[in-house]
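Engineer: Sequence lines, in order, name chains L and R.
Sequential numbering from 1 applies to the first sequence in the working numbering.
Sequential numbering from 1 applies to the second sequence in the working numbering.
Any given hint could turn out to be false.
Since the list gives no way to pick one copy over another, a pair counts as held whenever it fits inside one copy or between any two copies.
What the hints assert, rightly or not - Straight-line alpha carbon distances no greater than 27 Å define the calculated DSSO-like cross-link-like pairs of lysine-lysine that follow: (1) Lys287 with Lys62; (2) Lys216 with Lys297; (3) Lys230 with Lys192; (4) Lys216 with Lys303; (5) Lys216 with Lys142; (6) Lys216 with Lys287; (7) Lys142 with Lys303.
Quick caveat, the hints were computed from the structure, so don't treat them as lab data.
2 protein chains.
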Amino acid sequence: MSLLIIGTVAFDAIETPFGKTDKIVGGSATYVGYSAAKLGVNPKLVAVVGDDFPTETINDLKNAGFDLEGLQVKKEEKTFFWSGKYHNDMNSRDTLITELNVLESFNPVIPDSYQDCTYLMLGNLAPALQTQVINSLKNRPKLIAMDTMDFWMDIAMDDLKEAISKVDVLTINDEEARQLSGEYSLLTAAEKIQSMGPRYLIIKKGEHGALLFHGKEMFYAPALPLAFVKDPTGAGDTFAGGFMGYLASTDDVSFENMKRAVVYGSALASFTVEEFGTDNIKAVTQKDLEARMDAFKALMSFKH
Amino acid sequence: MSLLIIGTVAFDAIETPFGKTDKIVGGSATYVGYSAAKLGVNPKLVAVVGDDFPTETINDLKNAGFDLEGLQVKKEEKTFFWSGKYHNDMNSRDTLITELNVLESFNPVIPDSYQDCTYLMLGNLAPALQTQVINSLKNRPKLIAMDTMDFWMDIAMDDLKEAISKVDVLTINDEEARQLSGEYSLLTAAEKIQSMGPRYLIIKKGEHGALLFHGKEMFYAPALPLAFVKDPTGAGDTFAGGFMGYLASTDDVSFENMKRAVVYGSALASFTVEEFGTDNIKAVTQKDLEARMDAFKALMSFKH
Chain L
1 MSLLIIGTVA FDAIETPFGK TDKIVGGSAT YVGYSAAKLG VNPKLVAVVG DDFPTETIND
61 LKNAGFDLEG LQVKKEEKTF FWSGKYHNDM NSRDTLITEL NVLESFNPVI PDSYQDCTYL
121 MLGNLAPALQ TQVINSLKNR PKLIAMDTMD FWMDIAMDDL KEAISKVDVL TINDEEARQL
181 SGEYSLLTAA EKIQSMGPRY LIIKKGEHGA LLFHGKEMFY APALPLAFVK DPTGAGDTFA
241 GGFMGYLAST DDVSFENMKR AVVYGSALAS FTVEEFGTDN IKAVTQKDLE ARMDAFKALM
301 SFKH
Chain R
1 MSLLIIGTVA FDAIETPFGK TDKIVGGSAT YVGYSAAKLG VNPKLVAVVG DDFPTETIND
61 LKNAGFDLEG LQVKKEEKTF FWSGKYHNDM NSRDTLITEL NVLESFNPVI PDSYQDCTYL
121 MLGNLAPALQ TQVINSLKNR PKLIAMDTMD FWMDIAMDDL KEAISKVDVL TINDEEARQL
181 SGEYSLLTAA EKIQSMGPRY LIIKKGEHGA LLFHGKEMFY APALPLAFVK DPTGAGDTFA
241 GGFMGYLAST DDVSFENMKR AVVYGSALAS FTVEEFGTDN IKAVTQKDLE ARMDAFKALM
301 SFKH
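Could you build the full structure based on these sequences and the hints that come with them?
Structural biologist: Next comes the structure, spelled out in structure tokens:
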């Protein structure tokens, strides 16, 4: 089935204890889309870039299967740029530079050919824009997932709560779940957040894996222990792309299938963090992915 | 099969964001033993207390199935006392008081009736004493597991490395694994630590679960998300007790059985943290334990 993705397409400059990049291609929608494409869907992208964005990357996105009708290229404007530096533990980072550029006046427009989409992934973006996208669709998609971050909790909580009330699945990290709910226990936080709207909540815990909550049901997917984690940027977006890509490609939103989707998301994210930028997720083959799914299965299986 | 446990039997005074206790009964061997007893073994205890230790608790231990022939009660001496305060995140704590008392001159003596033990759990204690216990046994047990902490890495690394070289299973937390190996990646840390002696390594990650490593094999048991975590004291010891209790009661040290043992350890630890002290682990019934094992199975299972 079709998957509509809205989010950022950006330049990133990243420093981690393992190295440093110049401006490389990043952005939430980029990672979500590359990841979802690995599950056989052709992501329909709604995003904005400036005319400084490389044609080569546009071609890469097309080759990966992206539908780019909804990608706005703004003449004489510059692409969104983010620069950050990760601390030694890789679990926290400082933002060094944020140049919104084209994002400042971004007005997401849904092409007519996208209107029939059945799965919608709202990548991290101003919550008012996430709500606008939902309201721009003539028919409500079968499943709407949304990612966000603490930044929006700090400056736009009311907008955020409105967006959250309209989605089926919310993906946030553990600290954000605590901030949003005011509860320290993730179990209690999950109950409170589900009462705000989403029937499903995914709490991302970085190197500690991810928890899926739905009513009284819970599922835990670990992260795969890796020898090298070079750059966590895009891991959460890759996870969300794998999750939604798997659901869209199987068109099955049962809890049992969502559990598999969470593991696919975790498996794909494990490739992203092994290198800087999108190179690794772009290069993943079906064979790579299935081998990693087998590694997850071995990591999690026991007979009782 | 028989399980020999050496460790501390102590008084604790604990403060967490959820409350504060007076002197209550604690100690690594206490938690290990109560936990192992839930799997149907009668733990043979080697430990020391002062004559201030309550007869009521001695009776509790007997009723729980402990063999106390190896428990030394020192006349006119006082039991080891530890007091600590947990920070808001419950993952870190400050030690407020440490009164070694009887521990200062503790000389672990193995009663003859313990000499045939096939499983040995070395609870957290001075590594030189852990080595002494191994050397005091006429026959090497089938499986020796050892717990330790960063404190011994700071003040007695050589002794610690000697003890580690003699055991089959080492249980430590993630920060300690990094300190011991000098590696940030837990995968690389696990390889290095296995090369120091233990064929099996369990890395405990508190609310994030536990990882079992053996050569190229890995297994991840999550912690069960709980509504209330009141006091993490003894969680690691309860885990180790459940792990060794299950192995001793099944007398099966295959990797497949060790995976189940890790989940039993996690399930038992989830009871300990819900209340202060040993009350909760003491009260666990077989029905409680099996219900929690089912919860773990639901949390971890997916079909691929």
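Engineer: Each hint: holds or not?
Structural biologist: These are the hints, each one checked on the structure:
no. : hint               : in the structure
1   : Lys287 with Lys62  : within (22 Å within a copy, 57 Å between copies)
2   : Lys216 with Lys297 : both (24 Å within a copy, 14 Å between copies)
3   : Lys230 with Lys192 : between (35 Å within a copy, 20 Å between copies)
4   : Lys216 with Lys303 : both (23 Å within a copy, 20 Å between copies)
5   : Lys216 with Lys142 : within (22 Å within a copy, 42 Å between copies)
6   : Lys216 with Lys287 : between (35 Å within a copy, 20 Å between copies)
7   : Lys142 with Lys303 : between (35 Å within a copy, 23 Å between copies)
Going through the hint list in order, the structure satisfies each hint without exception.
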